[in-house]
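Going down the list, the sequences are from chains S, G and W. One rule links them: number in the numbering used here = place in the first sequence (from 1) + 205. One rule links them: number in the numbering used here = place in the second sequence (from 1) + 3. One rule links them: number in the numbering used here = place in the third sequence (from 1) + 26.
If you are wondering where the hints come from, they were derived from the structure by calculation, not from laboratory data. Each residue gets a CB set at the ideal place from its N, CA and C atoms; glycine is no exception. Watch out, some of these pointers could steer you wrong.
Partner residues aside, some chain S positions facing chain W, computed with beta carbon under 7 Å [as the list claims (entries may be wrong)]:
1) Leu216
2) Ser222
3) Pro237
4) Val290
5) Pro313
6) Thr314
7) Ala315
8) Ile319
9) Phe355
10) Ala455
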Amino acid sequence: MLKISKQKTTLPGFHLSLGVTIFYLGLIVLIPLSMLFIKTSALGPGEIWKVIASPRTLAAYRLTFMTSLIAGLVNVVFGFLIAWVLARYSFPGKKVVDALVDLPFALPTAVAGITLASLYSQNGWVGKYLYQWGIQSAYSPLGITIALIFIGLPFVVRTVEPVIQELDAELEDAAASLGANRTQTFIKVIFPNLIPSLITGFTLSFARALGEYGSVIFISGNMPKKTEIVPLLIMTKLEQYDYAGATAIAVVMLLASFTLLALTNFLQKLSLNRIGMN
Amino acid sequence: MSIKVDKVTKTFGQFKALDEVSLDINTGELIALLGPSGSGKTTLLRIIAGLETAEAGEILFHGEDTKETKVKDRNVGFVFQHYALFRHMTVFENIAFGLRVKPKHLRPTDAQIKERVHELLRLVQLDWVANRYPAQLSGGQRQRIALARALAIEPRVLLLDEPFGSLDAQVRKELRQWLRRFHDDLHITTLFVTHDQEEALEVADKIVVMNKGKIEQVGSPQDVYHNPASVFVLNFLGNVNIFHARIEEEQGAAGKPRRMYVRPHQLTVSRFSLSADSVKAAITFINPAGSMVKIDAKSRQGEIFQVEVSQEEHAQLKLAKNDEVFLTPKKITYCEYDI
Amino acid sequence: MSTRTEPVWMRRLLIGAALTFLMLFLFLPLSAVFLNGLGKGIAVYFQALTEPNALAAIRLTVVTALIAVPLNLLFGIAASWAIAKFDFWGKDLLITLIDLPLSVSPVISGLIYILLFGAQGPFAPWLMEHGIKIIFAPPAIILATIFVTFPIVARELIPVMKAQGNDEEEAAMTLGASGFQTFWRVTLPNIKWGLLYGVILSNARAMGEFGAVSVVSGHIRGQTNTLPLHIEILYNEYNFTAAFAAASLLAMLAIVTLVLKSIIEFKYRAELRAAVKTENHK
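Next comes chain S alone, as it looks inside the complex:
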């Protein structure tokens, strides 16, 4: 699979380091992951279809996809806002805020899960106000979306922020010198340059949300066909020792998220090409 075609330097350790890398990659990642496909191919299409096309599985796919999509979109809007504020403005406590943005990366998902569940449930600090308005913020698709927003936010901020920082300031000066006002400059000059990073940020956030488990299960309520996400469904099947069913569901989800990643990669390349940054 890997072949040495050219070696630019005679630095030592190439074969050793590549050997270790491939060995460890094979052992930890490739062999275990291939089990998923071996197992699936043993099932046969009829059996796979039976699992996947069941109303419960379809409902779980739909729910996971929709909540991830909405959370991704919310994160694009607010992630962009936060990235902009962090990159462009200075205000007291900015350093703390900047560090806090990474909290969802650092906070274990189980901790996030139980905390969000307690905050947004009927008696929670936030939930009690929302419930008064008739908004069911826990044990509902909305609750799932809230957890997914939490988990995906830093992906957008951390992807977009450096791009805003590296924007050529002369572009804005040039636009202004040509008579554009600030809004026109933003819409016509700044924003188009940020689109590729926004797409990347969205994809990362969306992909993470599709597979998310720990932060969601506490707030979701886990009602089959209503608030049961795909990872939970896989978990349930496993607990019933239905390995075949779990595998079938997992393979479809894995392929879907890979396709999605490939598609957005392609879209991103396209938009990068358009603004000549590739």
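Following the hints, put chains G and W in place on chain S, whose structure we already have.
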């Protein structure tokens, strides 16, 4: 130490960096590898050092094949284009590095290392920067520390990759002369890579002109400047005016169209025709800044000539733009080859 | 007014909106962990943390991280050395494969080890015969943790090593240093902040991993429960105070991680800048 490069070939994908290059270097010579970027000069230097491997051909040190000798055992002093000083070490530790990594039974004591490092620092006239970090040094200082570091291992040959490439014009001039004197004192076989013909002409004993992975000419600075072996060498070593001439009588080649060239300073400017070779031309541009006055002149046939005259001549002739003058070659060289 | 910024009212509005959002979604949950944990007083809090099952969970979490992080560190160094210092065919594919675990759901990360080592897996008879238990035991927990933290160190190191180029290593070689000496004396000091950054992020993820570990653990109290799994059990038993007390430990780990991360980022940027500066010296 003498070095023999024998039919060395190196390709990067489709690109032929070196194409059966052969070269002999004698002990104690100071050699410039001169050529434009992409000519293969740095690749050749890196192959001699063992930092890259050739696909074909041999490098012989003192008649011995080096194929099986690893970089660390070649005992070559290499000075990198951007110096490659270890940025987390002080100047002292940088220079001491080569001594500290020697096998235990060959490693000098701390006291010996200290003495040797300070000796080298004095040699490069930077004894006072021992405790600084590379980031705190100027470009010229880094260059000299990199040289001291390379010399610490008492190399058999010194290889320098664009040694003055990253320096300001002023520092560059100083270091060039310094390297020349330095080599005269130590007499260590030295190869340096450069794309600057002036630098090569000024510093080297011998110049190796390279182009597109091949050696165009090897010779003394006078040789390559006055007797270029190819059009490439001719053009690369300074400006040149090319004449289209028809030889009327000489040596039986009569009637055959020939080309000849004259360097800008080999043209005399006068108000009157001096000989049958004089060409009438109108001055289109004068730049009196610098040691020589640079003049562009256009003949009636539309050929543009580049001329250099001394400041005195310029003052004497009172030249101005659009003046009609005569250009007479002091020395004409006919091309032995097709241009 | 500068052409490069918005009017003051606009700036304030945007900052205000961003901070409100962060407050609601990040700061509030973080403080809720501690307030809920301490809700019934400090005595109850410490009691929840020192009961045997909690201690066992803490121990297993630490042991898991102590095995997973060093292994991934070694892998990360090897992978980044090969990828950053050399050119070879299939490099892009290799990078994609290394990143793979990041785009796999935690639940699937656990599932694949069940398929490999579980009762229906290819090794089941052999494992049974030799009395080796991997699934529903610490080995699977460790394996799943290695899987989910697999790319982190390598991803941090590759850009740093790339930016620093090969010059210093080559210089060391020409000065007579062996491969090991070159790595130890030249490469390692230049990448230390990047390395530490990767280790800290891996550690946080290793100690906090929930989904993948949950699948393979079997949830046996005092034996195969890590701290996150312990929290889940307590929470599902409506023992909220104890759950949040345990959660506060992990939240503290998260805060320490963020603080260290900020400090290292500062140093690390200098490291990267230094690399870029020497590279583009011209």
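Results for each hint:
Because the smallest distance between the Cβ of Leu216(S) and any Cβ of chain W comes to about 5 Å, under 7 Å, the interface hint for this residue holds. The restraint placing Ser222(S) at the interface with chain W holds, with a minimum CB-CB distance near 4 Å, inside the 7 Å limit. Interface restraint check: Pro237(S) against chain W, minimum CB-CB distance 4 Å, threshold 7 Å, status holds. Given the 7 Å rule on beta carbons, the hint for Val290(S) holds: about 4 Å separates it from the nearest Cβ of chain W.
Nearest Cβ of chain W to the Cβ of Pro313(S): about 3 Å, under the 7 Å cut. The hint holds. The closest approach between the C-beta of Thr314(S) and any C-beta of chain W is roughly 5 Å, which is under the 7 Å cut-off, so the hint is satisfied. A least Cβ separation of about 4 Å between Ala315(S) and chain W falls short of the 7 Å threshold, and the interface hint therefore holds. A distance limit of 7 Å between C-beta atoms decides the matter here; for Ile319(S) the minimum to chain W is near 5 Å, and the interface restraint holds.
Interface hint at Phe355(S): satisfied, since its Cβ lies 6 Å from the closest Cβ of chain W, which is below the 7 Å cut-off. For Ala455(S), the interface hint holds, the least distance from its beta-carbon to any beta-carbon of chain W being 5 Å, beneath 7 Å.
This entry satisfies every hint, going by the numbered hints stated previously.
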